[in-house]
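Chemist: Knowing the structure of chain A, use the given hints to seat chain B on it.
Number of protein chains: 2
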Amino acid sequence: MLRKAGIVITGTEASAIEAADLGLGNFEQVGLGVLVYVNTERCCAKELALWPRQSFPEHRHPPVSATNPGKEETFRCRWGLVYLYVPGPETPRPRARPPEGCEGTYTVRHEVVLRPGDQYTLPPDTLHWFQAGPKGAVVSEFSTTSLDEKDIFTDPEIRRITKVVGRRNRPHRCRRPRP
Amino acid sequence: MLRKAGIVITGTEASAIEAADLGLGNFEQVGLGVLVYVNTERCCAKELALWPRQSFPEHRHPPVSATNPGKEETFRCRWGLVYLYVPGPETPRPRARPPEGCEGTYTVRHEVVLRPGDQYTLPPDTLHWFQAGPKGAVVSEFSTTSLDEKDIFTDPEIRRITKVVGRRNRPHRCRRPRP
Numbered sequence: 001m002l003r004k005a006g007i008v009i010t011g012t013e014a015s016a017i018e019a020a021d022l023g024l025g026n027f028e029q030v031g032l033g034v035l036v037y038v039n040t041e042r043c044c045a046k047e048l049a050l051w052p053r054q055s056f057p058e059h060r061h062p063p064v065s066a067t068n069p070g071k072e073e074t075f076r077c078r079w080g081l082v083y084l085y086v087p088g089p090e091t092p093r094p095r096a097r098p099p100e101g102c103e104g105t106y107t108v109r110h111e112v113v114l115r116p117g118d119q120y121t122l123p124p125d126t127l128h129w130f131q132a133g134p135k136g137a138v139v140s141e142f143s144t145t146s147l148d149e150k151d152i153f154t155d156p157e158i159r160r161i162t163k164v165v166g167r168r169n170r171p172h173r174c175r176r177p178r179p
Numbered sequence: 001m002l003r004k005a006g007i008v009i010t011g012t013e014a015s016a017i018e019a020a021d022l023g024l025g026n027f028e029q030v031g032l033g034v035l036v037y038v039n040t041e042r043c044c045a046k047e048l049a050l051w052p053r054q055s056f057p058e059h060r061h062p063p064v065s066a067t068n069p070g071k072e073e074t075f076r077c078r079w080g081l082v083y084l085y086v087p088g089p090e091t092p093r094p095r096a097r098p099p100e101g102c103e104g105t106y107t108v109r110h111e112v113v114l115r116p117g118d119q120y121t122l123p124p125d126t127l128h129w130f131q132a133g134p135k136g137a138v139v140s141e142f143s144t145t146s147l148d149e150k151d152i153f154t155d156p157e158i159r160r161i162t163k164v165v166g167r168r169n170r171p172h173r174c175r176r177p178r179p
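So the sequences go chain by chain: A and B.
1 is the number of the first residue of the first sequence in this note's numbering; add one for each residue after it.
1 is the number of the first residue of the second sequence in this note's numbering; add one for each residue after it.
Isolated chain A, as found in the complex (with noise of 0.2 Å):
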């Protein structure tokens, strides 16, 4: 996907691209393709590759210590499409939707739709999911440092960073809404 967006990488990049399951053994619905470039202790950019309709649970990066409020982050689409969820008035016809069963946890609906050459910047601590469009996206992201580690999901099951041990061998469902 990347190559189909005109991005080059080296091939020790290629090999560290993550795929991103969050521990939920179900990548091909949820979850993304990521390419860290640079990391420091002050900054971050990566690129990030979804699968058509592939989701991304929302989630938010909060204050982590007195001088950092929370990553900052910008999506910048660079191909295909993606639909990003922010706070917000609730938008009436959505062009995603959740997975289905795991509507309860992505609660903020107000849609911003990312072209290629499209951003938009989140402030810290904002919450947010997104997913792509039917043919799938490439997303560049420029932030502030990602602390992976400190990220809160709405769904109490996802953590961003998993122990192998707490991995799941079994595909993750959402618990459906109480009726």
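A portion of the hints provided could be inaccurate.
For chains that are exact copies, the list does not tell them apart, and a pair is met inside one copy or across any two.
[Claimed, not checked] In silico DSS-like pairs for lysine-lysine, Cα to Cα no more than 25 Å straight-line:
1) K4 <-> K46
2) K150 <-> K46
3) K135 <-> K4
4) K150 <-> K135
5) K150 <-> K4
No lab work stands behind these hints: they were computed from the structure.
Bear in mind that the values here come from a model prediction, so they are computed numbers and not experimental data.
Modeler: For chain B alone, coordinates are given in the frame of chain A:
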């Protein structure tokens, strides 16, 4: 050049590309094209484009406050070829030369060659200059906040941000180093 590099930008962004000639009036030889995607109080991302053999003069990003030790930046070559010069052992047969007559203000001579997919991270306050290869170059820059007006160029005649009033209307010529 961005198009050649497979980088999609919006029409608004195309109009916002800056041809930074550093007030030298010699853009084809010294300067670069720059499109700033985002520059917040915490981080910054840009695309840089250089003509064939165009140079960007030696400078550094000094500390600006007790909490900001200066800009940290990563250059990632996307297209073409760029020769980056940084402190370190002088490279014996460098592939780029400072613009003629300007040799005295290009003092760091350790060469780093960046081809598409290659990148290099510069700590704050590090002298550096760079030049595109024979076809030009497109380079992504991921960094902490850009405060161009704080940059210190080795050539005391250069200011990154020039007042229109003080803008030269004749080509800049570096003073020849004394014999």
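Chemist: Would you pick out the hints that fail for this structure and give their numbers low to high?
Modeler: 4, 5
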